[in-house]
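> Starting from the known structure of chain A, fit chain B onto it as the hints suggest.
Residue numbers (numbering that gives the first Met the number 0), protein chains in the order written: chain A, 0 to 425; chain B, 0 to 425.
Think of the hints as simulated: they come from the structure by calculation, not from any bench.
Some hints here could point you the wrong way.
Copies of one chain are not kept apart here, so a pair can be met inside one copy or by any two copies together.
[Stated by the list, open to error] Straight-line distance between alpha carbons at most 16 Å, and here's what the computed EDC-like set of lysine to aspartate or glutamate pairs gives: (1) K149 x E189; (2) K149 x E130; (3) K214 x D323.
There are 2 protein chains.
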Amino acid sequence: MKTIIQNTLIIPMDTNAPRTLHGDILIQGDRIIGVGGPYHPEEGDLVIDGSRCAALPGLINAHTHLAMTLLRNCADDMDLFTWLHEHIWPREAKLTEDHILWGSYLGLLELIRSGTTVFADMYFHQQQTIEAVLASGLSASIGATMFGDKLATQQRLPALRDLWGSFHGAGDGRIMIDAAPHAVYTCTQETLQTARDLAEEYSCSFHIHISESRKENSDCLSEHGKTPTEYLDSLNAFSVPVYAAHCVHLSDRDIDIFKRRNAGIVHNPTSNLKLANGFAPVHRFIQEGLNVGLGTDGASSNNNLNMMEEMHITSLLQKACTEDPRVMEAYQVLETATIGGARVLGRDHDVGTLEAGKRADIILVDTDVPHLHPLNNPISAMVYSAQSSDITTVISSGRIVMENRRIVTLDEEKILHEALRCAQQL
Amino acid sequence: MKTIIQNTLIIPMDTNAPRTLHGDILIQGDRIIGVGGPYHPEEGDLVIDGSRCAALPGLINAHTHLAMTLLRNCADDMDLFTWLHEHIWPREAKLTEDHILWGSYLGLLELIRSGTTVFADMYFHQQQTIEAVLASGLSASIGATMFGDKLATQQRLPALRDLWGSFHGAGDGRIMIDAAPHAVYTCTQETLQTARDLAEEYSCSFHIHISESRKENSDCLSEHGKTPTEYLDSLNAFSVPVYAAHCVHLSDRDIDIFKRRNAGIVHNPTSNLKLANGFAPVHRFIQEGLNVGLGTDGASSNNNLNMMEEMHITSLLQKACTEDPRVMEAYQVLETATIGGARVLGRDHDVGTLEAGKRADIILVDTDVPHLHPLNNPISAMVYSAQSSDITTVISSGRIVMENRRIVTLDEEKILHEALRCAQQL
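Chain A on its own, in the form it takes in the complex (with noise of 0.2 Å):
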């Protein structure tokens, strides 16, 4: 089954092609197989109209808690020890199966209509996530999600091992599982060890929280006498991939070890802004040629899933922030948000970009809307301009997932109707 995309504007994101070019894109089962083209329409099964359009990869969100749609709008413009303790704690305690694959299908149209193909989630019954990731068409990095003391960890292991064993590589490499300890500090030094000793041992990725506030890291002092990424060296954590979620504040030694271990940071603006965490100093990390993604955090702490307006808001803090407006320009941000992202992931090899051999991820974005006109420079016109509802057409390794922005993959209205029946059990 060959697809062509059509006479389009086409943003690769590749540092061997130009920034944007016009031309078709040609689709052989789940791979680009020629970018820029001409391809003649009779060589494709499938032929879609890519004029009035922009295509870029598809988005890579490497930070959510997926179900945690459920939660949305529930508690809001509270401190974090009131949001956890009497909001978040209380009603993710009643969290069953059920409310986890409705949970994840919602969270799944929000990604879809946002332009997201790929995803990395840390959360609780990842059984029923993986259902509803491989039924909708994307691709997600799931995560083995440990915490609590070493007899917890023992509990947990053998369900966190059935894991990688049915699913790490699933839906022909669409499903990873990474280990996923939550934190520093709500694991134990044993529940960490045995989270990097998983990740050796099943050759994947360590995903875990660094650095998200103040407390964390002054806790983390007190406790250990080493800031949290200093702790997580200590325990040899970065002799595998890791890849942290905030890290608002890490010091100059944590940065270095960052870069020594080659480790990915996944920046998480609205989330860090909401719960008031600060401002991660992201512009820094780009020029010390660290690896940084984007990611929403939990519907919760953001309240949506929208990749387009993370960009915007990315590159606005790091300007005001450095009082610099020519830093952290838009084809930086569109970078963490997708090839950035990928290397974050360890799935650089595969996605994040618009060339042959990879993972067709591919998503179209409407150009002929008022907010769009005069394009000028599209690349400045993605992130600066675009709204998430310009996204009309998703495609994920090499499956149109949504088409002229009805979803073809999952049934929508099914989908609302059963996520908020769950909802309101919470």
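Frame of chain A, contents of chain B only:
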């Protein structure tokens, strides 16, 4: 002619009403005559189904430069000096009445699609903008823009007086003309004083940029020994109703002047971040009891006119800057975009809330979308989760401007075509 919006979730923004209620809204002519209902369908010549929607007051964009839509995405990621001297001013020098007309129409399409029914503008060839606003059905406070020295102002004066004479109160009060000296650094003392005198003569407001950048403040201190606010106060400018855009860098004494003079502040968060001017202390302004509205600034320094995005960013920034996630709660943000903006523009007797007697400026937000499921707190949902594309229907002064996402007062296709033609000439 009576219209009923039936069976909807009403967010009236009226301190005498609950924050949300379910029911109907009754409109007669250009006015709201009842909120809550129920009203019998036979009472209405037209009945709009408001189920699965939230009804809010039309949003108020209290500071923009509408026709700058033509310069969208033409110059980004650069310092203010390069941006102005090499990109914006050379293009602005070419602007003709034809450009302003179609640039204004283009901006109006975007305002309507993002739920704005009233805006304050400061630009050139205002008659073209007024022509477009009148055709659109929206309301606008149009700046009689002034800059330069006494001679420049004297030369401009007949045309400005003609604006007041021909258009102040036009469209049954939809159009108001405000005196709009650009800023203290672009206007001489005589020009600022003339603007003040004109505001007094025509009983209108005085619209100006104040303390947008640190440089504006330091230059003003060097030249006049006063901050821009103190300098304007020394010219007695605050003896007329003032609304000032940006106000990023106000001193304690400046804030006192705003308080004593009951002057309004227009917050422009995206523009202030993009141009690296900083973070306006909006939470403090509100705590001090100042009138605060919200604006997008021009599309060239934003790069869109999306008030839903400005609302979200406003809340996020205040939480992060104060390091307190409880501040600038969603309801306060929604106030800045509705009744707050109305107060700033001196229109709060007429617009800004859904209550009987006010102009029927109403937007319907489709809540039946994945990113508004579950809705939970509808106020949070509007500010933190909703997208401009969720706005389906816009009523302005009782007239349907957009219905089910189709703009009915303007020819969208023609406008996009003509605006593109104009942009290509710049």
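> Which constraints among the numbered hints does this structure fail? Numbers only, ascending.
2
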